[in-house]
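As given, the protein sequences belong to chains C and D, one line each in that order. Numbered by our numbering, the letters in the first sequence go through residues 289 to 933 in order. Numbered by our numbering, the letters in the second sequence go through residues 252 to 757 in order.
Hints may be right or wrong, so weigh each one.
Claimed, not checked - Output of the computed footprint for chain C on chain D, the stretches with three or more beta carbons under 8 angstroms from beta carbons of chain C:
no.	region
1	324 to 334
2	505 to 514
3	577 to 589
As the list claims (entries may be wrong) - Here are the simulated BS3-like pairs of lysine-lysine, each with C-alpha atoms no more than 30 angstroms apart in a straight line:
no.	chain 1	residue 1	chain 2	residue 2
4	D	Lys700	C	Lys809
5	C	Lys809	C	Lys664
6	C	Lys402	D	Lys700
7	C	Lys402	C	Lys310
8	C	Lys664	C	Lys738
9	C	Lys738	C	Lys809
It is worth saying that the hints were derived from the structure and are not from the lab. The beta-carbon is built from N, C-alpha and C at its ideal position, and this holds for glycine as well.
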Amino acid sequence: MLFATAVFAPLFGAAVAGLFGKLIGDRAAQAVTIFCMVLASVCAIGAFVALVYGGAAPGTVPIATWLKAGSFEVDWQLRYDALAAVMVLMVTVVSTLIHIYSVGYMHGDSAVWKFFSYLSLFSFSMLMLVSSNNLLQLFFGWEGVGLMSYLLIGFWYDRPSACAAAIKAFIVNRIGDLGFALGIALVFVVFGTISFPQIFAAVGAHQTAMFHLLGTDWRAYEVIGVLLFIGAMGKSAQLGLHVWLPDAMEGPTPVSALIHAATMVTAGVFLMARFSPVLEYAPGALAFVTFIGATTALFAATIGCAQNDIKRVIAYSTCSQLGYMFVAAGVGAYQASIFHLLTHAFFKALLFLGAGSVIHAMSGEQDMRRMGGLWKKIPLTYMVMWAGSLALGGVFPFSGYFSKDAILEAAWAAGTGVGYYGFWCGLMAALLTAFYSWRLLLMTFHGTPKADEHTMQHVHESPWVMMGPLLLLALGALTVGFSFDSQMIGAGWEHFWNGSIAVAPTNHVLANMEHVPGWVKAAPSVIGLAGIALAYYLYMAVPSLPAMLAARFRPIYLLLLNKWYVDELYDWLLVRPAMALARLAWQIGDVTIIDGVPNGLASLTERLAGRAARFETGSLAVYAFTMLIGLVVASGFVLLLMMVR
Amino acid sequence: MNQMGFPLLSLVTWMPLVGGVVIMFLRGEAAVVAAQSRLVALVTSTIVFLLSLGLWFGFNSADPGFQFVEQVPWLPQWGITYKMGVDGISVLFVLLSTVLTPICVLASWESITSRVREYMLSFLVLETMMVGMFCALDFFVFYMFFEGVLLPMYLIIGVWGGPRRVYAAVKFFLYTLAGSVLMLLALLAVWLVAGTTDIPTLMHYSFPVGMQDWLFFAFLASFAVKVPMWPVHTWLPDAHVEAPTAGSVILAGVLLKMGAYGFLRFSLPMLPVASATFAPLIFALSVVAVVYTSFVALAQQDMKKLIAYSSVAHMGVVTIGIFTFNVQGISGALLQMLSHGIVSGALFLCVGVVYDRMHTREIARYGGLADRMPVYAFLFMLFTLASMGLPGTSGFVGEFLVLVGAFEVNFWLALFGSLGMILGTAYMLYLYRRVIFGALTRADLRSIKDVSPREVMVFAPLVVITLWMGVYPLSFTGFWEASVHALVMHQQAALAGAVKLAGVVH
């Protein structure tokens, strides 16, 4: 009951705010949605504590049957287990804080009630996603968050760039979703069901199931794993399908924090953990997951180092951190991936909201090259940004230290080739992470002010309704790591997860993590500090150096600045050809060729009729003549048929 | 008379004609006659809808066979009977027709000002033909209704249509007629061979395999045009563009379903072997329809044309589902048909709303409507999402079931058949962005008014059905579960029999 309330309260808030928002006004819409979110958070905390510490039994909350076609049966049903409880807890708490923050940030916007309704509806979709008991309901939430993301990115719909970003996000997500949908279909074909309990119970029985594709027989589990991961790649912005996330920063900053950092983009990681009982037996697919994750982690981090928009730096950082989570999932340390997901939700939401506070103070300026020297004017924001960066950089005792180190250790402990690849990519990315984080801090808060006088005079600390959530998130960024470290990935993980994350009997990654060499344990911290030092040297000690380096290594700089030209590549390779093909199919295919036949016949008939009209008196006769011929042909055909009989 | 002793189906079928007769006898000033015709049409179609609810509540979904059967000898010397009845496959299409007709009447309330009496009459005749077609259990009767639909629709496009209405109407007429002639031949052949035109009997008649093949193509010619399948689809965009709004609604909502219904009623049960043989052909044409017409839709500059092309793509999904011969595929196809009937109808109504105000369908003439028309923006968004197949809307469930059904046949079929998921997102969101989003820059759009209460009434039932079908489709799939199961079983048995026969021959 608690659990169901936690999931459905945001829906109620969204419905009230969305349907009656205009009637009851912004204030009331905010009050209703925030009240519902607080209620949901309280219930989520209750449900989490009861399950993990209170000894309550995991279970399901049946709601209704959704659809049924032969043996394909799907229910609306909530799944109440440790994994779902952790996710519901995280989503509701972070979302509540972001709702509150938005009261200040969206102040003065023309459609505040709509914004809050969207935020709450997003939260509901995300909660449906994480609490689903079957793949299709998960897909419902999955598409629901995609839709809300679209609507929120395009919230300021009169900006062409926002509309473009919104559409891009939806389409790229849908490319992944097609993979996901096919994966669900394959699960049904293999298991005869798409309900989690039944799938997980039958994992042993279908180990040898094969699936024929591209001329080869593949193990069905591997194909399922890859298809589902394609879905995860879209949602979690992994290499190839990452292009939508940075553009999504067109949305209001609280949206970036909620959707594009803390919750929605982590759905792919969640999916991997949720499906761990099957993925454990798909080593090939998992290796692919690790490979893509590791590559993304490094790739996105390199871009993050050269961006100048404060939000885009954090967006690429999100891409990169999601890559870390997939590395963990890929080497079988799902617990570590969820742990990092949890800590990341707090510190990345904090960084985004902190950036929002900076933007707020700078009267809407997002370019870091026009900032600088802010720290004295907005000390509190400065402080929380430090907390977020320390957590992101993985500095003890902030939360990222625990979770990121665990991932790198797990990658090493896996002992596989792709695991080592993950480790080295992750380690290099850790250097870059620390570098771009402090680059951001130094460019924004230190040095000489680059903004004009008027803007600088206007710089002020954000109101308490924004600072309160920031401080709470900072507290989370500080404490979540060491509070859950031993529970989630320590020796007691089996007790904590209580079967909601299943690993194969041969998977000892978590145990082996304790035995990695000392330098592996120390490396992330050392390299993180090196990254900080590098940033300090480049942006504080010798501020002229970055420009010189950029000039010296211009091709590399341009490559990074232009995000490896992936957008341009896609535009050239996919978007333009698609539009050209569309015009071609229409003008040549339909208008000229397909319509050419009947139109040509018509004009031919017209000409023939014109000739016929010379012999006949009018068109009526032509019709009669045609009919006669038709009758002759028809009866002749029938006669023929009868003779054949 | 049927088992209930109450000829419900005949009543639902012929009742609109009664209203039509009343309209014919209206006399007086033109304005008065127009007002009265509207009222009579609305009242009649509403009564018909209420009557048809008897089917919703009285239908026994556990029974796979025909219900509400009525039978009166008609031309006994030819073995032709006036026989009506519905099974799980047809019953909801009767309801779809009776739901959409009053909505169409209401949607035409203000936009049709010339020859209102004849317009309303056409719609009532059209309703009779549509309902009769879905109820007919005699092939001959079916054929009469099937062709009868053509006439009122031809008039609706040709008289009340846009500037190129005559071209569009004639094209529509010729295309469908060309197919129908072949079906007439098939009908004659069937009658000669089987000696009856009774559909339930024919459904279990085993036609020789060689004959099945050409019968299949004769049917295909007719049904493919109606669906419409690629490459005989080009009449549809023209017909839609020229037709008045309500004409488009019925065209997309019900008339496009006639082809798919024909496949389910005739091709699959009567010609199981040929259907299986030529399924790959259907798949190929359907996949082309999905991919090709989605691309074409992307390039459109006319709102109605875009939605018309999207209809072709969506019906491609339906034909894939039908020819998977499994429960998921056929069930999904049926749901997709219903959903498309509601959603594309609603989308055409959405176009009609702004067309009534601005008298243009050109996408470039719009932009930034969200500011002035928030309720309209919401409605348009909802149906856009349903058209894209977003979970929670009706569009998703059918499409997904077809995907599952297709996957059981072939991975690539499922993949390419589902490309509409991506392409549909692209063209629908692109349309929405150009019409609703963006800044409002055109001066003449500044004074545009949001939807009126009458228009809200038109949309309300469609909104409810769209969400209902998306969240609890069981209310709908329950109707045909048994019938579809029986159809699949019949198909499998027939194929097994054919294989056995082939074994004996060789």
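Results for each hint:
Only residues whose C-beta sits within less than 8 angstroms of a C-beta in chain C count toward coverage, and the region 324 to 334 of chain D has 0 of them, not enough to reach three; the restraint is violated. For the region 505 to 514 of chain D, the stated coverage by chain C is not satisfied: 0 residues place a CB nearer than 8 angstroms to a CB of that chain, which falls below the threshold of 3. Residues of the region 577 to 589 of chain D lying with their CB closer than 8 angstroms to a CB of chain C number 5, which satisfies the three-residue condition for coverage. Among the hinted pairs, Lys700(D) with Lys809(C) is inconsistent with the structure: their alpha-carbon atoms are about 66 angstroms apart, more than 30 angstroms.
With a CA separation close to 37 angstroms, the supplied pair Lys809(C) and Lys664(C) exceeds the 30 angstroms bound. Proposed proximity of Lys402(C) and Lys700(D) is supported: the alpha carbons are some 21 angstroms apart, at most 30 angstroms. Between the alpha carbons of Lys402(C) and Lys310(C) the distance comes to roughly 9 angstroms, so the proposed pair stays at or under 30 angstroms and holds. For the hint linking Lys664(C) to Lys738(C), the alpha-carbon distance of about 15 angstroms falls within 30 angstroms, and the restraint holds.
The straight-line distance between the Cα atoms of Lys738(C) and Lys809(C) is roughly 41 angstroms, outside the 30 angstroms bound, and the hint therefore fails.
Taken one by one, the earlier hints fail for this structure at numbers 1, 2, 4, 5 and 9, listed in ascending order.
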